[in-house]
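*Asks:* Residues per chain, in single letters:
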Amino acid sequence: MSEKIILDYGSGGKASQRLIKNLFVKHFDNSILSKMDDAVLISDLQGPLSMSTDTFTVDPVFFPGGNIGSLSVHGTVNDVAMLGAIPKYISCAFILEEGLEMDDLDKIVRSMAIAAQEAGVLIVTGDTKVVPKGAVDKIFINTTGIGSVIADPSPSGSRACPGDAILVSGSIGDHGLAILSHRQGISFETDVLSDSQNLNHLILKLINELGDVHVLRDPTRGGLATTLNEIALQSDVEMLIEQDRIPIREEVEGGCSFLGLDPLFLANEGKFICILPQESAARALEIMHSDPAGQGAAIIGEVREERKGKVILRTGLGGHRLLDMLEGEQLPRIC
Amino acid sequence: MNLLSKFKDPELCHNILGQIKQDIQGDFRFMEVCGTHTVSIFQSGIRTLLPGNIVHLSGPGCPVCVTHDREIAAYLSLSQKDVIIATFGDLMKVPGPGGKNLKLAQAEGARINIVYSAFDALNLAKENPDDKIVFLGVGFETTAPTVAVTIKLAKDQGVKNFSILSFHKLVPPALKALSADKDIRVDGLLLPGHVSTIIGLEPYLFLAEDYNMPAVIGGFEPLDILQSILIMIRQKNDGKAQVINNYKRAVSDLGNPRATKVMNEVFEPSDALWRGLGNIPGSGLAIRETFSEFDASLIYDQDLPEVDEIPGCKCGEVLKGLIAPDKCPLFGTRCTPAKPVGPCMVSTEGSCAAYHKYKI
Ligand code: SF4
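Chains A and B, in that order, give the protein sequences. Here the working numbering is used: the first residue of the first sequence is 1, the next is one more, and so on. Here the working numbering is used: the first residue of the second sequence is 1001, the next is one more, and so on.
No lab work stands behind these hints, which were simulated from the structure alone. As the structure is a computational prediction, the values presented were derived from the model and not from experiment. C-beta atoms are modelled at their ideal positions from N, C-alpha and C, and glycine is treated no differently. Be a bit skeptical, because a hint or two may be false.
Said to hold, decoys possible - Dumping the calculated DSS-like pairs for lysine-lysine here, alpha-carbon to alpha-carbon at most 30 Å: (1) A:Lys310 with B:Lys1093; (2) B:Lys1081 with A:Lys310; (3) B:Lys1008 with A:Lys310; (4) B:Lys1359 with A:Lys308; (5) A:Lys26 with A:Lys138; (6) A:Lys310 with B:Lys1176.
To be verified - Here are the in silico distance ranges between beta carbons for each label pair: (7) B:Lys1081 with A:Pro132: 37 to 45 Å; (8) A:Glu230 with B:Pro1097: 36 to 44 Å; (9) B:Lys1021 with A:Gly309: 29 to 37 Å; (10) B:Ala1338 with A:Asp152: 47 to 55 Å; (11) B:Lys1248 with A:Leu193: 35 to 43 Å; (12) A:Lys107 with B:Leu1304: 39 to 47 Å; (13) B:Gln1025 with A:Leu259: 42 to 50 Å; (14) A:Gly309 with B:Glu1309: 54 to 62 Å; (15) B:Gly1109 with A:Ser31: 22 to 30 Å.
Turn these sequences into a full structure, and let the hints guide you.
*Replies:* Spelled out as structure tokens, the structure:
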């Protein structure tokens, strides 16, 4: 029988030490972490810094295209990067449910190490707690990231200007559909994989080459529609989006129509919205297409002045309608 | 081009739109009586493409919205008794008299289970033999046959702790009431695709014969809807109304005789209360005496309590197409999808909710 996590592992005693050494220090493998002091000394970050924290809970923990470990690194790396920053260091805190398989934890931690290495960040400090069965669902991970901001001025949701072009870095809805279909035990002919990935390298290229990028934001929870609405409100502008130009994979489109979901409201974990002056749009698209993380990128609309705070969708037919935020969860309907 | 994308094809749609613009004479007011049509007309942007003299009205086509305050009061009162209520999720947040709804009742201790079908409710009864399960039967001809099958199954299997509170409604009698109402000026009816798959063409024929009302059974894709509008406009121009099945790929003129048979076996037409339209003779479905052991209104002696209407809510007028949702003084201010005052703002297929979600 394989080993399971027991409460002792979070006691701070010998068992905890063993877990830290044999698992975290081994996989995350860097000289700062292995010092094992109460806190880490960071001496090479200067100027404006970008910092972000997020707690990850996902059911299922392992999903097509990733797991909670890779997701917890990608999510925080991307959030730090959205300010036009180079993510450098990450902390992580685990809350583990008693009875979690050690093999599963090992896989998760290994995925975190790989994701961190790909992003070029170091996981430098962490914490582990084990709670009794039922107190959490298998595993919760919090990660906090920090990095130096290189964009000046740095991108912000309040900087979208009328006339700007709106780009998205790739296909929409993959992660949300991968999770939901897996959760419902439904598999489609072509498996839909989560898009969970690091975006920091592509963002660095954009900033380096284009200079001023007005808005960068990753449309995670609530999806593209919700994030566009947030930006429209923050910047007090209208967003006009061309439905035809929004990149959506055929499998995702099909799966959504089967499950009665709208891909525009599904979470993404490896895509970003980029809003910048019209004259930089073509170059931005080229840069995205030349990077593995921006393959499906497209210009999907423009920022306008008219209906402030609203997102308007120009439909495939050429009609117009509001693209609103989602109002809670959809419930099964009657006819 | 696959079949479905053909019905979304912009070129084909614009072709029909061009013909609509060419043929229309004066104003044309059409009403759809199916929530799925309402949503599709907004979602595809058709509303903003039609010429200005076409007025689009949403009728009583959302089963949640037409459920009467007294019916809501009845199931809320039933939820206070020693039963487990099994219901479609849609009904949970529908506000009844005094702003009460099933969600609040649940918070106060009522036992309520969300189910996806009457069949799930029957299973719930079998899994919990010591509890009494009541399924809330709300919906049109589309839902009623499966409920009927479930009741028959319960009888065959001798399930004793399962019953239905039937507030099912029939579409044709409501259309009759609408057509007969002199206040409601409608030039054509877009008939519901889903309901028609069950009942077919025949039950609508009176619309043309008795009321000279153009009426078209239409599908839900943009091309379906535009074609149906064009057919209605041409009928009006000719002065000769007909009932047309323009959704032949899904609807047989005869409907689904097996479904209607089982529906008629278990239910019989009864008078029913509709929000906005009031009492319409023969527009409801009561459980027949042979199956009375499954009739929750008899088992629990549950009548329809007299109640005051929700103050300020104009759902009744909205459902009759007398006012557009955004003309209700509460629309978007006191009444929003997050805090709905009336049922038309709750259901995803309600006209107030659709206006709020999609209208620019
Ligand atoms: S906006 Fe609200 S209050 Fe007004 S008619 Fe619609 S549901 Fe009723």
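*Asks:* Are the hints correct? Go through all of them and say.
*Replies:* Results for each hint:
| no. | hint | in the structure |
| --- | --- | --- |
| 1 | A:Lys310 with B:Lys1093 | holds, 27 Å |
| 2 | B:Lys1081 with A:Lys310 | violated, 46 Å |
| 3 | B:Lys1008 with A:Lys310 | holds, 26 Å |
| 4 | B:Lys1359 with A:Lys308 | holds, 15 Å |
| 5 | A:Lys26 with A:Lys138 | holds, 22 Å |
| 6 | A:Lys310 with B:Lys1176 | violated, 40 Å |
| 7 | B:Lys1081 with A:Pro132: 37 to 45 Å | holds, 38 Å |
| 8 | A:Glu230 with B:Pro1097: 36 to 44 Å | holds, 37 Å |
| 9 | B:Lys1021 with A:Gly309: 29 to 37 Å | holds, 33 Å |
| 10 | B:Ala1338 with A:Asp152: 47 to 55 Å | violated, 39 Å |
| 11 | B:Lys1248 with A:Leu193: 35 to 43 Å | holds, 39 Å |
| 12 | A:Lys107 with B:Leu1304: 39 to 47 Å | violated, 59 Å |
| 13 | B:Gln1025 with A:Leu259: 42 to 50 Å | holds, 44 Å |
| 14 | A:Gly309 with B:Glu1309: 54 to 62 Å | violated, 34 Å |
| 15 | B:Gly1109 with A:Ser31: 22 to 30 Å | violated, 59 Å |
The structure fails hints 2, 6, 10, 12, 14, 15 (numbered hints given earlier, in ascending order).
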